[in-house]
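Line order of the protein sequences matches chains E and R.
Position one of the first sequence corresponds to residue 1 (this note's numbering), numbered consecutively onward.
Position one of the second sequence corresponds to residue 1 (this note's numbering), numbered consecutively onward.
Simulated from the structure, these hints should not be mistaken for lab results.
Check before you lean on any hint, since a few could be wrong.
[Unchecked claim] With the Cβ distance kept under 10 Å, some of the chain E side facing chain R (calculated, not the full set):
1) Leu31
2) Asp32
3) Glu33
4) Cys437
5) Cys444
6) Ser462
7) Arg486
Where a beta carbon is used, it is the ideal one built from N, C-alpha and C, also for glycine.
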Amino acid sequence: MNGLRRLRIVCQLGCLLGFFWLFVATEYRGLDELPYPVSLLFRIDPLAALADFFAPGAFAWRLLWPALLVIVATGLLGRFFCGWICPLGTTLDGAGRLLKSPGGRPRPGLRKIKYLLLLGLSAAALFGVQVFGWFDPLSLFLRTLTFSLYPVYNLFANRVFDFFYDHQLPLISDLVNGAYPFWRDHLMAFQQPVFALGLFTALVFLAVLLLEKFERRFWCRNLCPLGALLGLCSRHALVRREPASLCSDCSRCQSACRMAATGSDGHARSECVLCFECTEYCPAERVRFGFHSREGSGQVDLRRREVVTALAVGALVGPTASIAPAAASADSYLLRPPGAVAEDEFLRRCIRCGECLKVCIGRALQPAWLDAGPLGLWTPRLVARFGYCEYNCTLCGQVCPTGALRPLTLEQKHKTVIGLAVLDKDRCLPYARNEECLVCEEHCPTGRKAIVFEQKQVLVRSRIKMLKIPRVVGKLCIGCGICETRCPVEGRSAIRVTNENESRRKRDGLAWKADEKRPSA
Amino acid sequence: MNRRAFIRRSLQVAALTAVGGLPCLDLQALPAVAADPPLALRKGTDIPRLVRETVAALGGMRRFVKPGETVVVKPNIGWDRTVEMAANTHPEVVREVVLLCLEAGAGRVRVFDRTCNDPRRCYRQSGIEDILREIPDKRLRVEHMDRRAYHELAIAGGVKLNRWSFYRPALEADRFINLPIAKHHSISGLTLGMKNVMGVIGGNRGVLHRGIDQALVDINQVVHTDLTIIDATRILVANGPQGGRLEDVEVRNTLIASPDIVAADAMGTTLFGLQPADLPSVVAGARRGLGVMDLDRVRMV
Ligand code: SF4
Ligand code: SF4
Numbered sequence: 001m002n003g004l005r006r007l008r009i010v011c012q013l014g015c016l017l018g019f020f021w022l023f024v025a026t027e028y029r030g031l032d033e034l035p036y037p038v039s040l041l042f043r044i045d046p047l048a049a050l051a052d053f054f055a056p057g058a059f060a061w062r063l064l065w066p067a068l069l070v071i072v073a074t075g076l077l078g079r080f081f082c083g084w085i086c087p088l089g090t091t092l093d094g095a096g097r098l099l100k101s102p103g104g105r106p107r108p109g110l111r112k113i114k115y116l117l118l119l120g121l122s123a124a125a126l127f128g129v130q131v132f133g134w135f136d137p138l139s140l141f142l143r144t145l146t147f148s149l150y151p152v153y154n155l156f157a158n159r160v161f162d163f164f165y166d167h168q169l170p171l172i173s174d175l176v177n178g179a180y181p182f183w184r185d186h187l188m189a190f191q192q193p194v195f196a197l198g199l200f201t202a203l204v205f206l207a208v209l210l211l212e213k214f215e216r217r218f219w220c221r222n223l224c225p226l227g228a229l230l231g232l233c234s235r236h237a238l239v240r241r242e243p244a245s246l247c248s249d250c251s252r253c254q255s256a257c258r259m260a261a262t263g264s265d266g267h268a269r270s271e272c273v274l275c276f277e278c279t280e281y282c283p284a285e286r287v288r289f290g291f292h293s294r295e296g297s298g299q300v301d302l303r304r305r306e307v308v309t310a311l312a313v314g315a316l317v318g319p320t321a322s323i324a325p326a327a328a329s330a331d332s333y334l335l336r337p338p339g340a341v342a343e344d345e346f347l348r349r350c351i352r353c354g355e356c357l358k359v360c361i362g363r364a365l366q367p368a369w370l371d372a373g374p375l376g377l378w379t380p381r382l383v384a385r386f387g388y389c390e391y392n393c394t395l396c397g398q399v400c401p402t403g404a405l406r407p408l409t410l411e412q413k414h415k416t417v418i419g420l421a422v423l424d425k426d427r428c429l430p431y432a433r434n435e436e437c438l439v440c441e442e443h444c445p446t447g448r449k450a451i452v453f454e455q456k457q458v459l460v461r462s463r464i465k466m467l468k469i470p471r472v473v474g475k476l477c478i479g480c481g482i483c484e485t486r487c488p489v490e491g492r493s494a495i496r497v498t499n500e501n502e503s504r505r506k507r508d509g510l511a512w513k514a515d516e517k518r519p520s521a
Numbered sequence: 001m002n003r004r005a006f007i008r009r010s011l012q013v014a015a016l017t018a019v020g021g022l023p024c025l026d027l028q029a030l031p032a033v034a035a036d037p038p039l040a041l042r043k044g045t046d047i048p049r050l051v052r053e054t055v056a057a058l059g060g061m062r063r064f065v066k067p068g069e070t071v072v073v074k075p076n077i078g079w080d081r082t083v084e085m086a087a088n089t090h091p092e093v094v095r096e097v098v099l100l101c102l103e104a105g106a107g108r109v110r111v112f113d114r115t116c117n118d119p120r121r122c123y124r125q126s127g128i129e130d131i132l133r134e135i136p137d138k139r140l141r142v143e144h145m146d147r148r149a150y151h152e153l154a155i156a157g158g159v160k161l162n163r164w165s166f167y168r169p170a171l172e173a174d175r176f177i178n179l180p181i182a183k184h185h186s187i188s189g190l191t192l193g194m195k196n197v198m199g200v201i202g203g204n205r206g207v208l209h210r211g212i213d214q215a216l217v218d219i220n221q222v223v224h225t226d227l228t229i230i231d232a233t234r235i236l237v238a239n240g241p242q243g244g245r246l247e248d249v250e251v252r253n254t255l256i257a258s259p260d261i262v263a264a265d266a267m268g269t270t271l272f273g274l275q276p277a278d279l280p281s282v283v284a285g286a287r288r289g290l291g292v293m294d295l296d297r298v299r300m301v
């Protein structure tokens, strides 16, 4: 194995491990501020930057400058990101080995799909509909980890620990039980993660892996819009390969190159991911990489007709999808994490990476299916029956790489209104059944409680009894949802948070909702 | 045989006989508690000294903890609130009690509570985790509740509960030291010693709020407290049990301690200008023989 190739593999594995580590570190471990840049993967993601660029409001420089560095570096070097860094690429390399991807003639016709996809998505984004995240390989990778693989790993690990806990095997059980607290606190989720879209997300990922059965790096060659973007950037890259096309006495490169970058029409720089494998498999050891300024073929093979079609489709689908009625007006329980910007801007910034869902300490966030509108797939939604927003937590705003969720100081967080809790008097125990309860009042975290109670005389079996009846104080409620989570009524809670009053909504008038000082602690 | 040994033995017997069924505890068969229990009330601003004086008044920790025993110290760590908000037991009180147990020769001291907010946040924010981590003693464990260690019990003679799940380490320990903080509570009036024991039960605790007084007695008969020390160094007089406003906190620099949990709670009511009879759980506890609520029958030490 030669030096560059070995270096590349080490780099790939190193990056993969590094991202895994950041992933596992995306969890509250005793510090209010996360000590690591856990969403680094997306801050170097040019597609996230592109999405942000098309969104209304200012570009999130603070977050996304590293992505611009990647673009500049790609312009100079080529698609090194795909070959050296991208965790999905590394996974696909591994899957390709496992699945024994066939060599053989590539189908260059498929390649352009990714460019057309990128163009279509960009046109749509320009016209107000941003769904880069559905196809962004890094989002795909991370949300599969978050929604599927990591929960399954936790389930499995817990089962193993439980087994040795329930069956006291001599020696082994003591060892395993002793390791459990450390494992739980550092290498596992503190509580088993539960996500609604786990299976669906896993199937999408599996499909991408299985494409390896057809061609090596099928996804990267043909479908990946990030690859397309980086490909376009690397058309004039300085790193060139010698010889620039197939040699007349051998055509090994044609079938051996994982990206099918070298063919009869030369070496396509926008396809080459600089894996340097050809320096090795070339029987005559002719291949060299170096910096040359000489023009070569950097062309991306696209017909004008196709480009226009892709742009037109994007430009048409975008506005068409966005004329659907706003999901939040039909579903008053559609809540977003605290710090989310206004819904329209939110959908255009969020790249469906799942970072916020991973970090949520209260297990409040769930990926949306079609319930947040057709464009809301995989966006975070706060489902207060499953978990609540922890009063003193600001983690999701810290990890969001695109500014879809703003980072909040604790003081701002305490005043950010996620929604408004509303009692269901047909189910609430004191109202509906004259029974004592008040669990919601007990848990309400605002300093001046947003749930108060009034004493009322009720007649229970012909005896007068004093009963405490809860009531929500609208201007104090921040919609954290702990009341909904903890309500002891089985099934649907007797108090539910609606999206009324949310701070992020643009509205006129009603001064107290925005301006009145809420007690901060 | 003391109550705790009795409970442990009857659980073992139950587990052996009722194969496949629930282990069953018969509350009626419990040995009675002592009459005229001692009670200590001390004031002072130096918390470590205050703790030591209070426990010394009862005869010292060695009266409660024998060498080699496993002791559970159960503070209130229920809420994600800082020390000055008076929602959790003061960390210095916890530390001093733990130190006393260690000095008395405890074989192991375990500190835990089932929290209401995220456990990791509560352990940190309350200051209890940090202060205990500074004690360099291998016998001490500050631990999060282990979800696997809850155990369902049938409770024969329970008035409100006939079965519930309990945290096994709390039942199995040789000694249980209860360290509540005195707080206003919107549902049960006040939260003192008896209410604090709810931190070692499993299940959906919310449903207990209907008819909570008898439920508390049931729970306290299963989980017997050997020593209750009520932390009233600062108390929460409104918006409890969670608080969150300094206006609701009053500094009282007081500790109340007794081996009789009902007596301790009865004395606790006076902190809030109430009578023991004003707190239904105290009344229910006294009526069912859990302890003495009549402060005239309590031996002040
Ligand atoms: S939704 Fe609330 S609890 Fe969850 S991460 Fe965001 S701030 Fe924290
Ligand atoms: S809102 Fe959540 S899923 Fe969307 S970009 Fe931000 S962190 Fe990722």
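The hints, checked one at a time:
no. : hint   : verdict
1   : Leu31  : 9 Å, holds
2   : Asp32  : 9 Å, holds
3   : Glu33  : 13 Å, violated
4   : Cys437 : 5 Å, holds
5   : Cys444 : 8 Å, holds
6   : Ser462 : 19 Å, violated
7   : Arg486 : 6 Å, holds
In summary, the numbered hints that this structure violates are 3, 6.
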